[in-house]
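Taken in order, these protein sequences are the chains called A and B. Per my numbering, the first sequence starts with residue 393, numbered consecutively. Per my numbering, the second sequence starts with residue 6, numbered consecutively.
Bear in mind the hints are in silico, worked out from the structure with no lab data behind them. Be careful, since some hints might not be right.
Below 25 Å or equal to it, Euclidean Cα-Cα: the simulated DSS-like pairs (lysine-lysine) are [what the hints assert, rightly or not]:
no., chain 1, residue 1, chain 2, residue 2
1, A, 520, B, 58
2, A, 443, B, 123
3, B, 86, A, 548
Chain A regions said to be covered by chain B (calculated; three or more residues, Cβ under 8 Å) [what the hints assert, rightly or not]:
no., region
4, 427-436
5, 459-471
Just a sample of chain A residues kept apart from chain B, beta carbon distances all over 10 Å, derived [what the hints assert, rightly or not]:
no., residue
6, 395
7, 401
8, 403
9, 423
10, 450
11, 452
12, 480
13, 497
14, 559
15, 615
16, 619
Just so it is clear, CB atoms sit at the ideal spot from N, CA and C, and this is done for glycine as well.
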Amino acid sequence: MSSAKLISDIDNAFNTVFGTGHGISPSLAGKAGAKLYELKVLAKLLIELKKVGLQPTLVVGNNGFKGSPGAINTSYTHIEILNRAGQHLANVWTDTEFVGLSSYQLSGYSSPFNSGEYHELDIMVCDKSLTTGQRPRSDQVYIGVECKHWTSGVPKKLLREILGVRRELSFLNSPASPQPVSIGLGVSKSTPASELIFATSTDGIKLQTEWAVPAREFDIKIWDVQV
Amino acid sequence: MADLQSFSEADYQEILEYLRRKVREFGFSEADDAIGDSITSTETSDAVREYIKRLIEYLQIFSNISIADTEKMFGKVFDSKIEVPFWVAIDSPEQLESSRRINLKDYQHCGELVSHLKKILEDLGPSNTPQSFPRQRPGRKP
Numbered sequence: 393m394s395s396a397k398l399i400s401d402i403d404n405a406f407n408t409v410f411g412t413g414h415g416i417s418p419s420l421a422g423k424a425g426a427k428l429y430e431l432k433v434l435a436k437l438l439i440e441l442k443k444v445g446l447q448p449t450l451v452v453g454n455n456g457f458k459g460s461p462g463a464i465n466t467s468y469t470h471i472e473i474l475n476r477a478g479q480h481l482a483n484v485w486t487d488t489e490f491v492g493l494s495s496y497q498l499s500g501y502s503s504p505f506n507s508g509e510y511h512e513l514d515i516m517v518c519d520k521s522l523t524t525g526q527r528p529r530s531d532q533v534y535i536g537v538e539c540k541h542w543t544s545g546v547p548k549k550l551l552r553e554i555l556g557v558r559r560e561l562s563f564l565n566s567p568a569s570p571q572p573v574s575i576g577l578g579v580s581k582s583t584p585a586s587e588l589i590f591a592t593s594t595d596g597i598k599l600q601t602e603w604a605v606p607a608r609e610f611d612i613k614i615w616d617v618q619v
Numbered sequence: 006m007a008d009l010q011s012f013s014e015a016d017y018q019e020i021l022e023y024l025r026r027k028v029r030e031f032g033f034s035e036a037d038d039a040i041g042d043s044i045t046s047t048e049t050s051d052a053v054r055e056y057i058k059r060l061i062e063y064l065q066i067f068s069n070i071s072i073a074d075t076e077k078m079f080g081k082v083f084d085s086k087i088e089v090p091f092w093v094a095i096d097s098p099e100q101l102e103s104s105r106r107i108n109l110k111d112y113q114h115c116g117e118l119v120s121h122l123k124k125i126l127e128d129l130g131p132s133n134t135p136q137s138f139p140r141q142r143p144g145r146k147p
C-alpha cells in the first residue's frame with residue numbers, strides 16, 4: 393500500500409461520513425461533540441439533584457437547548473428545580489453567562505458594561521426569577537459546571553480557567569451560608585457558597601489527585617464523566 | 006495489512022498532516038489541538054498511530070452507546086415517557102432568527118468515522134519503534 397492510497401482512504405472516510413444525505417453540517421461536528429458531552433453532564437447533574445430530594449422538570453423551548461454563550465432566554469429548553477412540596481426553587485440553563493463579582497460587587501456597577509464583566513458556564517443552576525435578557529449575578533448562581541470533552545492529557549490551562557471562574561463567583565473566606573439549591577458538595581470557603589464542578593471525559597481520576605489541593609481550597613469538584 | 010516498508014518518514018508525515026487537515030476541516034479543530042498537544046511519540050510513524058487512537062477515543066461521544074447512555078440518564082430523572090429533545094441552537098443566541106438549530110442525534114453519523122479510522126490504523130500496521138523518551142512533538146498543528 394502506498395501513502396497515496398492511505399490518504400485516499402482518509403479522504404473517503406470523511407467524505408462518506410460527512411457526505412450529503414445525513415442532514416449534518418460538517419463544520420459543526422466538533423461543536424456537536426462538545427454539546428453532546430454537555431448534555432451527558434447535565435443528565436448527571438440532574439440525577440444528583442434528584443438524589444438530594446429535588447425534582448427537575450423539563451421545560452421544552454421552541455429553540456432547543458442554548459448552545460452559545462449569552463444571557464438567559466426563556467425560549468430555550470431549560471429545567472425547573474422544584475422541592476418536595478412542589479415549590480419552584482431555581483432554573484437550570486446551558487451556555488449562560490453570569491456577571492462576575494468584579495463587576496457588580498467590587499466596582500458597584502448595577503449592570504455590566506463590557507463582555508469582560510460576565511463569564512459563561514456550560515451548565516448553571518441559578519435564581520428562578522431571572523428572565524430573558526438577564527444574566528445572574530454571582531450571588532444568584534447556585535451551581536456552575538464547566539464541561540470538557542477531551543482526550544488524554546488535559547492541559548493545566550484548564551485548571552487556571554476554572555480557578556478564574558471561581559474567582560469571579562465567590563470570595564475566599566468562611567463561613568459561607570448555603571445557596572438555596574445544593575447537591576451537597578460541601579462548600580466551606582467560598583462566599584457566596586456556589587458549588588462549582590469541572591467535568592471531564594478523560595483523566596478525571598488523575599486530575600482528582602493532581603489538582604486536589606487547589607480544587608479543595610477553592611471549592612471546586614472534579615467529576616469524571618466518561619463517554 | 007500494508008507493507009510497512011512502503012512508508013517512509015516523509016510518508017508518515019504526509020499522512021499525519023493530511024489527516025489533521027481533514028479533522029480540522031470537519032469542525033474538530035479543538036480536538037485536533039488537544040490531541041496534537043498531547044502526543045508523546047517521538048517517531049512520526051508512532052505519532053500517526055497515537056493521533057488516530059486518540060481521535061477514536063474522542064469520537065466515542067458520537068457513538069450510539071454513549072447517546073443511549075445519556076438518554077438512559079435523563080430517563081432516571083424525568084418520567085420515562087418524556088423524551089429530552091437533543092436540539093441545540095448555536096450562534097447568535099440573542100438573535101433567534103439567525104441562530105441555527107441542530108439535532109445532536111443526527112451527528113451520530115460522526116461515530117461511523119471510528120470504523121474507518123480503525124481500518125486505517127490496521128493498514129498502518131503495528132509500531133516497530135521501541136519506547137523512547139519524547140524529544141519533540143511531531144503532533145504540532147499543521
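For residue 615(A), is the shortest CB-to-CB distance to chain B above 10 Å, so the non-interface label stands?
13 Å, holds
Over 10 Å from every CB of chain B: does residue 480(A) meet that, or does the non-interface label fail?
Check passes; 16 Å lies beyond 10 Å.
Closest CB of chain B to the CB of residue 395(A) still more than 10 Å away
Check fails; 4 Å does not lie beyond 10 Å.
Outside-interface status for residue 423(A) - nearest CB in chain B farther than 10 Å:
6 Å, violated
Would you assess whether residue 619(A), listed as outside the interface, keeps its beta-carbon beyond 10 Å of every beta-carbon in chain B?
Incorrect as stated: the minimum Cβ-Cβ distance to chain B is 5 Å, not above 10 Å.
Confirm or reject: residue 450(A) is not an interface residue toward chain B, with every Cβ-Cβ distance exceeding 10 Å.
Nearest chain B Cβ is 6 Å from residue 450(A), so the label is violated.
Closest CB of chain B to the CB of residue 497(A) still more than 10 Å away:
25 Å, holds
Interface exclusion of residue 452(A) relative to chain B, criterion Cβ beyond 10 Å
6 Å, violated
With a Cβ-Cβ cutoff of 8 Å, does the region 427-436 of chain A contain at least three residues near chain B?
holds (count 7)
With 10 Å as the threshold, tell me whether residue 401(A) passes as away from chain B on beta-carbon distances.
About 6 Å separates residue 401(A) from the closest Cβ of chain B, which leaves it inside 10 Å; violated.
Given the proposed pairing of residue 443(A) with residue 123(B), does the C-alpha separation stay at or below 25 Å?
40 Å, violated
Are 3 or more residues of the region 459-471 of chain A near chain B, judged by a Cβ distance of less than 8 Å?
Contact hint for the region 459-471 of chain A vs chain B: holds, 9 residues under 8 Å.
Violated hints, in rising order: 1, 2, 3, 6, 7, 8, 9, 10, 11 and 16; the structure is consistent with all others.
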